[in-house]
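K.L.:
With the hints as your guide, set chain B onto chain A.
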Amino acid sequence: MFSKILSYALNGLEGVAVEIETDINKGMVSYDLVGLPDTAVKESRERVRSAIKNSAYIFPITRVTINLAPADIKKEGSHYDLPIAVSLLKASDQLLVDTDGTVFLGELALDGTLRPVTGLLPILISARDKGFKRFIIPASNANEASYIEGLEVYALGSLKQVIAFLTGEEQCAPIQHRSYVAAKQSQNYNYDMSLVKGQAVARRALEIAVAGGHNILFVGPPGSGKTLLARCIPTIMPDMTFDEALEVTKIHSVAGELSEEGIVSLRPFRTPHHTATTVSLCGGGNTKIRPGEISMAHKGVLFLDELPEYSRHALESLRQPLEDKKITVTRAGGAVTYPADFMLCAGMNPCPCGNYGSAYRECTCTPAQILKYRAKISGPLMDRIDIQVEVDGVKYDDLAGDTSAESSAAVKERVERARAIQRERFRDEKEGMINSGMGEKQIKKYCRLSTECEAVLKTAYESLNLSARARTRIIKVARTIADLAFSEEIRPEHILEAASYRSYEAGIK
Amino acid sequence: MKYTAAEQNLIILSSIPELSQKERCAAISAGKQSGPDLAACKNSLIKRSDIGVYNKVEEDYASPAFRSAVLEQLEERGIECVTLLSAGYPAALKKIPDPPVTLFIKGRRELLSKKMFAIVGSRRSPAYATANCKNFSKELSNYFSVVSGFAAGADSAALEGADCRAVSVIAFGFDYLGGQANAALLKKVEQVGLLLSEHFPTVAPQVYLFPVRNRIIAGLSEGTLVVSAGKKSGALITASLAREYKRQVFAFPYNMGVSAGEGCNALIRDGAALCRNTGDILDFYGISPPKDGGVHLTDDEARVMEVLREEGEVFLPVLANKLGEPPYKLIPVLSSLEIKGLAVRLGGNRYSVL
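Line order of the protein sequences matches chains A and B.
Residues in the first sequence are numbered from 43 upward in steps of one, following our numbering.
Residues in the second sequence are numbered from 161 upward in steps of one, following our numbering.
For reference, chain A alone in the conformation it holds in the complex (with noise of 0.2 angstroms):
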């Protein structure tokens, strides 16, 4: 007596069908499961053994093998319940159907009923990528499963109705698709730019660094409200596409971090604490290798607060994902790519006392404090940050003129046209590249400067004492700006203007 049944085992974004053996023979009672499970897996044989039997069929007490093929992969999870269930209920004859091309997901409860998984989403691109086309899967995972078109997904609330379906004694009709739009229309962020009060010079850098994707860094005394800033970066950048939200949704649905809503259509927001590890930064894991912080930013924003307090070896490692855009997270049990493309916000205080360039407070720091405490980022980091600005250091109240500030969706806008007319320049380049993505090569093409604005950022360079490699950041900045008044080429206020968001970096020398 042996049985068969799909499911399917995860590693990172990408999968693999795991076929479940089932051999039930005569002999001594025992129940071996083989095929490198992990310790969830393992533990199953309970859960399965009472939701067989609270659902009123009978665990075989006699000599059960399972096999979870191909041996040589790890399985991890607790999906594997469902599967492992029906194979049992094949295997002893309590359940004669075809299950051929079911892919089956699913934790048990004791009582029969299913429990959601986690990972559900890559698993159904996964498998439907590679030819799969029938799944079921618990009934608390439909609405993540209802974004896949193409799919026959069904989702169903315990053992004992999926028995009742794969029999034909109970009908059910596959999940319905969903459109994104309407799901994107229902949420909404928590933040917006028009909460912001006064931070003209701020607010002015933010749009641009949104605009062009370049990072930023704001640079202020405690409570001159850098955390409110960041947290409205997602609310100005332009709308994730579906394709986009799926990405995201993969790597939160794997990180076990999906909402009821089933699909993550606002772009993500992080916040590590200043006391993250590299690995709760980067990723990583003993068994399973699970995204880290900058893999749960992809596609949104990770905000760094007091980033001099940050280990050296955490914030030197976000180094090279900045650059590729993704991170290969390598442990003893595998490799595993996730994506990490995101913008870095940053904050930092201006010295250790966080007075310097107050306007009410002295600052009592000696300028070899403040030195050493700037020189806690190193160099390549702030290369890759591209505009540091200072959030004023007078309370906005104290002022007079008090206008009501822009909205987000005002700000917006513009950042879309700006971003179109980018989409225009690149398309002969690599695909979805912004202006924080041009190289040597791009620059030369496409950043050509007039003799004016060569003289101008000439003179900028001697007068403000930047380092050589301001240079490439100044003028990647200024074609930003330039994009966001719609001017072909860089004008010589462009590259003033850009060459005032590195003057932080210009005082250290």
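Just to be clear, a hint being listed does not mean it is correct.
What follows is a set of in silico ranges between Cβ atoms, one per label pair, in the way DEER data are often shown [claimed, not checked]:
#1 A/H315 <-> B/G338: 33 to 41 angstroms
#2 B/V455 <-> A/E448: 34 to 42 angstroms
#3 B/A229 <-> A/H315: 54 to 62 angstroms
#4 B/D430 <-> A/K239: 44 to 52 angstroms
#5 B/P371 <-> A/Q411: 19 to 27 angstroms
#6 B/N437 <-> A/K367: 52 to 60 angstroms
#7 A/P422 <-> B/P224: 51 to 59 angstroms
#8 A/D470 <-> B/R436: 54 to 62 angstroms
#9 A/P422 <-> B/G339: 22 to 30 angstroms
#10 B/R436 <-> A/S353: 49 to 57 angstroms
#11 B/K391 <-> A/S509: 51 to 59 angstroms
Quick caveat, the hints were computed from the structure, so don't treat them as lab data.
Since the model is a prediction, treat every value here as computed from it, not as a measurement.
Virtual Cβ for every residue (Gly too), placed ideally from N, Cα, C.
P.N.:
Okay, now just chain B, sitting in the frame of chain A:
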């Protein structure tokens, strides 16, 4: 470098670490044709330590091995010496009560023969003071060698502004320069300007050496400009020494209550010349600078400058409000003014006129 026997005597005297400045002077004044007489400092040395030390000093001074070792060490490090007896010893410095016996120098010796002017200030200077300091130093370096210390803040700005006419007076031996916070700047001064110290290169930094060093800054210079000084600042020591030596003291004026300027305002009250621009200093010395056409300003820049001049220090949104322009349009204008050296950015998006 060749030195005469008399010069050598003074160099050796300055290189004996056990002796103090006072004792060296005593030895010289008691000396005869043959050179300084160490017996003159016998009593004070014995009082400070014991007879053994005195014997060692006397032995070292007389020992040809010690002498050649000293000269060799100086040669190795590329250090030149200018002694009280040397022709190139700055005349102004000779006039002070206790001039250094030997000046150990590194860099362009000829800077010593020019007229000198000191620009000093505290380490924690406000941004507009350091920016002004740099501008002043640049302009004055056309007529003077600019003398300063070597600390961060105002002193560094003065050295930067003077570029190849910068003279930095070090308070200890040259061997310890590498450990300084602004070692890179000092390296540059060594290459294009002049480093000067009264100490043998192996003398380690000590807190008490700094005020003593200030007498050299004040003594070398025709006048001293204090760009910033708190209530207790080393720059005030330099200023009071300069007054003692009958040299003119200039000071930047400050708003009442600005702690970085309390010392400057006190100096002005006590008779220092208030300094509004380089003209105030140059007029005093009877120098008339050639007229230049001034910096060309665009219309926008001129409008911004008008408000800046009126307010002195202005917060960007306030400036935008006054001019009726969106703040981001003013960023490039201010940036340009900053590059032209007419304005300076303070912290927190505030700007100040220079």
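K.L.:
Hint by hint, which ones does the structure fall short of?
P.N.:
11
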